[in-house]
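Colleague: Residue-level listing of the chains:
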Amino acid sequence: MATVVTNAGRDIVTNRIKGTGTEPLNIGWGTSAGTAAVTDTTLFGEKLVDLATSAGTDHTLGTSTRQTTTVTNDTYQVIGTRTATGAGTVTNAGLFDAASGGNLFLKGDFSGIGLASGDSIAFTIKAVFA
Amino acid sequence: MDDAGLSQIRKITIEATVTRADGTVEELGVIADSDWEKEETDGDGSDERGT
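In the order they appear, the protein sequences are chains A and B.
For the first sequence, the working numbering begins at 1 and goes up steadily by one.
For the second sequence, the working numbering begins at 1 and goes up steadily by one.
A hint or two may mislead.
Some chain A residues near chain B, calculated using beta-carbon distances under 10 Å [said to hold, decoys possible]:
#, residue
1, T31
2, D58
3, L61
Just the calculated beta-carbon pair ranges, DEER-fashion [what the hints assert, rightly or not]:
#, chain 1, residue 1, chain 2, residue 2, range
4, A, T14, B, D22, 19 to 27 Å
5, B, R20, A, D58, 17 to 25 Å
6, A, G86, B, S7, 17 to 25 Å
7, A, A37, B, T17, 20 to 28 Å
8, B, G5, A, A87, 17 to 25 Å
9, A, T72, B, D22, 37 to 45 Å
10, A, S111, B, G23, 31 to 39 Å
I should point out that these hints are in silico values taken from the structure, not numbers from a laboratory.
All C-beta atoms in this analysis are idealised placements derived from N, C-alpha and C, irrespective of residue type, glycine included.
Excised from the complex, chain A in its bound form (with noise of 0.2 Å):
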């Protein structure tokens, strides 16, 4: 398992200090295997929050904040829920700069988190700087 900030997450950092691109405060899942990598683009198998259709991206808003681990706000969060519904067991999530595709700020995969329609996950997805 790995939680990453990809590389297209550097170009989001980089984009964001010189005043530009869009903030990644939009929150997917996938359900398929696999160990996020620097160089991922994409979600392994994402899908809508209904988890038994095919794939797609319909990625939810979530609310950012700066928050204080070691110093004063230096981390980056995200909170979110998502509610399934249709079916299906979540094994990664990420961040996106676009409530629909845009690019993946950062990854992680964990073990399977299995959801009835109607079920939710609420994240809380932290980048702390050190």
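Put chain B on the given structure of chain A with help from the hints.
Modeller: Frame of chain A, contents of chain B only:
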């Protein structure tokens, strides 16, 4: 902050709380963790982090 005064994204975590359709809440805590700080000290000292 390292000795050179450079900063980078040092750690990424994904936490999850599952709420079932019947209202049952399952606090899963951290489900994904870059754990870079550990990796930095468990090998040959090379930088194994993802960025």
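Colleague: For every hint, state whether the structure bears it out.
Modeller: Structure-based check of all given hints:
The closest approach between the C-beta of T31/A and any C-beta of chain B is roughly 15 Å, which is over the 10 Å cut-off, so the hint fails. A distance limit of 10 Å between C-beta atoms decides the matter here; for D58/A the minimum to chain B is near 19 Å, and the interface restraint is violated. The restraint placing L61/A at the interface with chain B is violated, with a minimum CB-CB distance near 17 Å, outside the 10 Å limit. For the pair T14/A and D22/B, the supplied restraint of 19 to 27 Å is violated, since their beta-carbon distance comes to about 45 Å.
With their beta carbons about 21 Å apart, R20/B and D58/A fall inside the hinted range of 17 to 25 Å. For the pair G86/A and S7/B, the beta carbons lie near 42 Å from each other, so the given range of 17 to 25 Å is not met. For A37/A paired with T17/B, a C-beta distance near 27 Å keeps the hint of 20 to 28 Å intact. Roughly 50 Å separates the CB atoms of G5/B and A87/A, a value that falls outside the hinted 17 to 25 Å.
Taking 37 to 45 Å as the suggested C-beta distance range, the pair T72/A and D22/B conforms, at roughly 41 Å. Taking the beta carbon of each, S111/A and G23/B are about 23 Å apart, not inside 31 to 39 Å as hinted.
Of the hints listed earlier, those the structure fails to meet are numbers 1, 2, 3, 4, 6, 8, 10, in rising order.
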